[in-house]
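Enquirer: Going by the working numbering, the sequence shown opens with residue 1, and the numbers climb by one from there.
Please keep in mind that the hints were generated in silico from the structure rather than gathered at the bench. A few of these clues could be false.
[As the list claims (entries may be wrong)] Listed next, the in silico DSS-like pairs over lysine-lysine satisfying Cα-Cα at most 27 Å (straight line): (1) K106 <-> K178; (2) K127 <-> K106; (3) K62 <-> K127; (4) K62 <-> K28; (5) K119 <-> K62; (6) K47 <-> K210; (7) K203 <-> K178; (8) K203 <-> K106; (9) K119 <-> K167; (10) K62 <-> K33.
[Said to hold, decoys possible] DEER-style ranges, computed between Cβ atoms: (11) P140 <-> K203: 37 to 45 Å; (12) N104 <-> E199: 37 to 45 Å; (13) N123 <-> G157: 21 to 29 Å.
Idealized CB from N, CA, C, for every residue including glycine.
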Amino acid sequence: MPLEVIGCAPGRTGTFSLHLALNRLGYKTHHMKEVGMHGQDTTAWIKAYDHPGTFGAEGWDKVYEGYDAAVDYPTVDFYKGKNTGQVTIVSSTSSLELMEVYPNAKLILTIRSPESWYKSVCNTIFKHYLGSEEEFVYPPGQRGQILRLVTHTAMGGLLRKDRQKLKDEKYICDLYRKHNEEVIKTVPPERLLIMQLGEGYEKLCPFLGKPIPDEPYPNSNSTEEFQAREVASRGDFFMTSWQSNDS
Numbered sequence: 001m002p003l004e005v006i007g008c009a010p011g012r013t014g015t016f017s018l019h020l021a022l023n024r025l026g027y028k029t030h031h032m033k034e035v036g037m038h039g040q041d042t043t044a045w046i047k048a049y050d051h052p053g054t055f056g057a058e059g060w061d062k063v064y065e066g067y068d069a070a071v072d073y074p075t076v077d078f079y080k081g082k083n084t085g086q087v088t089i090v091s092s093t094s095s096l097e098l099m100e101v102y103p104n105a106k107l108i109l110t111i112r113s114p115e116s117w118y119k120s121v122c123n124t125i126f127k128h129y130l131g132s133e134e135e136f137v138y139p140p141g142q143r144g145q146i147l148r149l150v151t152h153t154a155m156g157g158l159l160r161k162d163r164q165k166l167k168d169e170k171y172i173c174d175l176y177r178k179h180n181e182e183v184i185k186t187v188p189p190e191r192l193l194i195m196q197l198g199e200g201y202e203k204l205c206p207f208l209g210k211p212i213p214d215e216p217y218p219n220s221n222s223t224e225e226f227q228a229r230e231v232a233s234r235g236d237f238f239m240t241s242w243q244s245n246d247s
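Work out the full structure, taking the sequences as your base and the hints as a guide.
Expert: Take a look at the structure:
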């Protein structure tokens, strides 16, 4: 089944709530948690990152087999193609990526203020990378595969090249701003929905041509919830941190 909805926003912008909402509307939605929970092979995304323009529709159909919507990481790294030659919050590496492979898909950009986003990622996703300057040692199994994928591709490869840049709030916030500006510039307006953190079905459903459910829009994964899961899992960051990525 082809992708009908593509998320082009990074985590901590309401992506897990969007994942839940799309499922409620009848979609089968891919999210980073699927990679960990279902043991997906991460090498496909690394291959697409390392060999831009060679993956093609057949390769993406296999990656997203069984899904008709995809949000969060790693999808955000591949929503568009054509390498700009600049460091961005996503890789932007390929000349043929998801919005071209699936020309009828609609794209959703969930946004929040750069400063609040930076604070959120520092308290959650970035914690693993800010704690040590030592080289990564990849553990065996799925946890190691996920760590390798994130380190290799996320933030345009910044985690491999210079992860101490994560401590530079202005630099990272500027990357986030540029990402949002690039999405708006790249995606045709008729295919793009911009949702502020906190907006819900009233904004989402008309764009997708779906009736508005008679229930509240999902509101999942505050920073406190994220940190509580990490404590409950004895700090096993990569087995819990991508279960949801919102506020």
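Enquirer: Given the hinted pair K62 and K127, is their alpha-carbon gap at most 27 Å?
Expert: Violated, because 32 Å separates the two Cα atoms, which is more than 27 Å.
Enquirer: Could you grab the alpha-carbon distance between K203 and K178 and see if it respects the 27 Å cut-off?
Expert: With a Cα-Cα distance of about 24 Å, the restraint between K203 and K178 holds, given a limit of 27 Å.
Enquirer: Taking 27 Å as the top limit, are the C-alpha atoms of K62 and K28 close enough?
Expert: holds, 15 Å
Enquirer: Holds or violated: are the alpha carbons of K106 and K178 at most 27 Å from each other?
Expert: holds, 21 Å
Enquirer: For the hint 37 to 45 Å, verify it against the beta carbon of N104 and that of E199.
Expert: At 24 Å between Cβs, range violated.
Enquirer: Are K47 and K210 close enough, with their CA atoms no more than 27 Å apart?
Expert: Violated, because 35 Å separates the two Cα atoms, which is more than 27 Å.
Enquirer: Take a look at whether the Cβ-Cβ distance between P140 and K203 falls inside 37 to 45 Å.
Expert: holds, 43 Å
Enquirer: Starting from the range 21 to 29 Å, see whether the pair N123 and G157 falls in it by beta-carbon distance.
Expert: holds, 23 Å
Enquirer: Holds or violated: K119 and K167, Cα atoms, limit 27 Å.
Expert: This hinted pair holds, its Cα atoms lying about 11 Å apart.
Enquirer: Under the criterion that the straight-line Cα-Cα distance not exceed 27 Å, is the pair K119, K62 satisfied?
Expert: violated, 36 Å
Enquirer: Below or equal to 27 Å on CA atoms is what counts here, so check K127 against K106.
Expert: violated, 32 Å
Enquirer: Is the hinted pair K62 and K33 satisfied, with a Cα-Cα distance of at most 27 Å?
Expert: OK: K62 and K33 at ~18 Å, within 27 Å.
The structure fails hints 2, 3, 5, 6 and 12 (numbered hints given earlier, in ascending order).
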